[in-house]
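J.: Let chain A serve as the given structure and place chain B on it in line with the hints.
Those protein sequences? They're chains A and B, same order as listed.
Taking this note's numbering, I'd label the letters of the first sequence as residues 39 to 219.
Taking this note's numbering, I'd label the letters of the second sequence as residues 46 to 449.
Be aware that a few hints might be false.
Reference listing, derived: stretches of chain B covered by chain A, where coverage requires no fewer than 3 residues with Cβ under 8 Å from a Cβ of chain A [unchecked claim]:
(1) 104-116
(2) 191-201
(3) 204-213
(4) 350-358
(5) 375-384
If you're looking for bench data, these hints aren't it; they were derived computationally from the structure.
Computed from a prediction, not measured in an experiment: that's the story for all the values here.
We treat Cβ as the ideally placed atom computed from N, Cα and C, and that holds for glycine.
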Amino acid sequence: MTVMDLLKKIFLVEILKGMAVTLKQFFTPAVTRQYPKEKREPFIGSRGLHALVRDSNSGKEKCVGCGLCAAMCPSECIHIYTSEGDDNEKVVDRYEIDLLRCVFCGLCVEACPYAALVQTEHFEYSGYTRAEFYYTKDRLLENWDKYMAGDKGRKYIDLFWRPRSSDFEKKSKSEQDRSKA
Amino acid sequence: MIDDNMNDRSEGVDLLSKELTLNMGPQHPATHGVLRLVLDLDGETVKKITPYVGYLHRGVEKLAENRNYMQILPLTDRLDYISAMSNNIGYCTAVEKTFGIELTERTEYIRTIVGEMSRIANHLLWLATHALDIGAMTVFLYCFRERESILDLFEKLCGARLTTTYTRIGGLKNDASPEWLEQVYKFTDDFPSRVEQYETLIDQNRIWLRRTKGIGYISPEDAINWGLTGPVLRGSGVNYDVRKTQPYGVYDKVKWEVQTAQNGDIYDRYRVRMEEFRQSNSIIRQCIEQIPEGPIISDAHKYVLPPKDRVLNDMESLIHHFVLITKGPLTAPKGEIYVATEVPKGELGFHIVSDGEGRPYRMRVRSPSFVHVSALPKICQGELVADVIANIGSIDIVLGECDR
Chain A
39 MTVMDLLKKI
49 FLVEILKGMA
59 VTLKQFFTPA
69 VTRQYPKEKR
79 EPFIGSRGLH
89 ALVRDSNSGK
99 EKCVGCGLCA
109 AMCPSECIHI
119 YTSEGDDNEK
129 VVDRYEIDLL
139 RCVFCGLCVE
149 ACPYAALVQT
159 EHFEYSGYTR
169 AEFYYTKDRL
179 LENWDKYMAG
189 DKGRKYIDLF
199 WRPRSSDFEK
209 KSKSEQDRSK
219 A
Chain B
46 MIDDNMNDRS
56 EGVDLLSKEL
66 TLNMGPQHPA
76 THGVLRLVLD
86 LDGETVKKIT
96 PYVGYLHRGV
106 EKLAENRNYM
116 QILPLTDRLD
126 YISAMSNNIG
136 YCTAVEKTFG
146 IELTERTEYI
156 RTIVGEMSRI
166 ANHLLWLATH
176 ALDIGAMTVF
186 LYCFRERESI
196 LDLFEKLCGA
206 RLTTTYTRIG
216 GLKNDASPEW
226 LEQVYKFTDD
236 FPSRVEQYET
246 LIDQNRIWLR
256 RTKGIGYISP
266 EDAINWGLTG
276 PVLRGSGVNY
286 DVRKTQPYGV
296 YDKVKWEVQT
306 AQNGDIYDRY
316 RVRMEEFRQS
326 NSIIRQCIEQ
336 IPEGPIISDA
346 HKYVLPPKDR
356 VLNDMESLIH
366 HFVLITKGPL
376 TAPKGEIYVA
386 TEVPKGELGF
396 HIVSDGEGRP
406 YRMRVRSPSF
416 VHVSALPKIC
426 QGELVADVIA
436 NIGSIDIVLG
446 ECDR
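The shape of chain A in the complex, shown without the other chains (with noise of 0.2 Å):
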C-alpha cells in the first residue's frame, strides 16, 4: 500500500467524493413532481379510458356492432348485444367495457375497422364499487365528449389508427437509390 492509498484511506476520500455529489444536487432544482398538486399533462396517445366515438352527424355512436374489438381483447372485456332493427340494420343495444379486466393494451383500438374505439389520454378514475368501473355504451360515448370531442380526437385517430397505407409505401432511402442505380 502507497502512501497516497493510506492518506485515501484515512481521510475517508472516496466518501467525501460521494457526499460532494449528494452536496451538490441541494443546488439543483428538484426533479420529483408532489403528484396530487402537480401534474404532469399525460402525453399523446397514453393509453387511458376508453371512449366510443360520437358521430358529429347523427348524433349516435359510430361503432356498427361488428365485434371484432370483443374478438380481438385478450382480457375478454367487451361485451357486444347487438340486434336487428328497422330496415334490416345492425342495432348495438350495449356495448359495455368491465374496465377492471381490462388490460389497456390499445388492441381493440387498432382492430377497429371503423374508428369508433379511441383510448383518452385521461387516467384517473377511481371509485368504491365494480359498478363504477363498468363501462356501458352511454358513459363510453360521455367520455368521447368530455375528453376527445373537436380537434383533439380528430388528430388521436390520424396518428394513432394504424397501420395506414402509408406505413408500408414509404420506401427507404437505401431501396430508393438502389432503384436510381
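T.: Here is chain B on its own, set in the frame of chain A:
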C-alpha cells in the same frame, strides 16, 4: 421459525449448536417480489438454501395456447415487467421466425433502440434496488431520476410506461417521430455523466466494496453448467451474448463490445452492468445516427393487419382483417422453433410449437430469472446469512418472469 423439537431437549442436546431453519419471504422487501427461501443456518453460515417459486404463477404459457398470436403480446409485457419492451421484441422475433416474415430496416433499428433503452431502464432499477438492499440509499433516488425519463420516452412513443405492447408481429405499433428520436439522443448525451455519478457514489465506497468483493462467487464452469446467462455469466468471465452469437435487430451493424469481468463475484456483476450502461448508450446513439426512413411494418398481409384505409375500400383486405383478428393467421407454417434474445437479465427464449392454426399449440418461455433462482443455492452455499440478500440482488431476478 425455530424447529422446536421437544425430544431434543429431553435428550439433553446442546440447543446452541443446533441448526436453525429460517423462512424468508414470500413477503419480504428484499426478495424482489414473492420469492420464498428456506435457509438452513449453522450459526451465521448458510448450510443450504431451498428456493420455493410459484407465488406469482399466472399460467402465461397455458394462456398463450388459447389466444391467437397477436393476443399473446400483452402477456409478454407481464413476464419481466421491468423491461417489457425487451420481452415484446423477443416474442415478436420468435413469431416472425416461425412465419418467415422479413422485417423492414427501420423496424429493426427502432427495435434495437427501444430494446437498449429498456436494458438501461432495467439496469437502473437493478442498481437502485440492489444498492438499497446493501445499504446505499442515495443511489436509489438518482437511478429513478433517469429511469423516469426513459419511461416518459416510452409513454411518448407508445402510450404506456411499463406494459408497452409496442412491437407487432411484422413491425411496430406506430412510427417513432423525429422529435422523439431527438429527445432520446439528448438523453444519451447526458446519460454517461449520470453513470459517472453513480460510480462516484458507490464504486470505491469501502462499505460497498466490503459487501460485494469476493462474495457470491461462481466459477465460469459452474456458471455454464447451471445455465446462467446475461451479466451473471459475463461477470464470471464467459464471453457469451446472444446479441453477438446470433445477432438479431441491427446488433451486427453497430459497433459494440461484450462486457466481461473475471472474478465472478457480486462486484464484477455490478461492473458488467455498469459497462453495459455505456455500451447500450453508444448503441442507441449509433442507431439514431444511422436510422433510415421507411415503412415500420412488413407487407405480409397473411400475418400482419392490412392498412386501415384499404380495409375500408378493398374486400380482400377486409377479409384478411377479420380473419386475422378472429382466428389468427390461418396459413401459419407447421413446426417448432426456439428463438433466443438477449434481454437485460439474460437469455430469454421462446419455444413455439405451431400446428398450423392461428394460435400456438404450445409456447414455452425460457426465462433467465427462473434459471438464476435455481443457481441461488449454489451461489449462497457456505456464505454468511447477511450476504443472501446481496446475492439475490446480484443475480437480478424478477418473479413475474420466474413464475410466469
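J.: If a hint holds in the structure, say so; if it doesn't, say that too.
T.: Against the structure, the hints:
Counting residues of the segment 104-116 of chain B whose beta carbon lies closer than 8 Å to any beta carbon of chain A gives 3, which meets the minimum of three for the stated coverage. Against chain A, the segment 191-201 of chain B contributes 4 residues with a C-beta closer than 8 Å to a partner C-beta. That satisfies the three-residue criterion, and the hint holds. With 4 residues bearing a CB less than 8 Å from a CB of chain A, the segment 204-213 of chain B meets the requirement of three and the coverage assertion stands. Coverage of the segment 350-358 of chain B by chain A holds. Counting CB-CB distances below 8 Å, 8 residues qualify, and the rule asks for three or more.
Under the rule that three or more residues need a Cβ within less than 8 Å of chain A, the assignment of the segment 375-384 of chain B is violated, with 0 such residues.
Violated hints amount to a single one, hint 5; each of the other numbered hints is respected by the structure.
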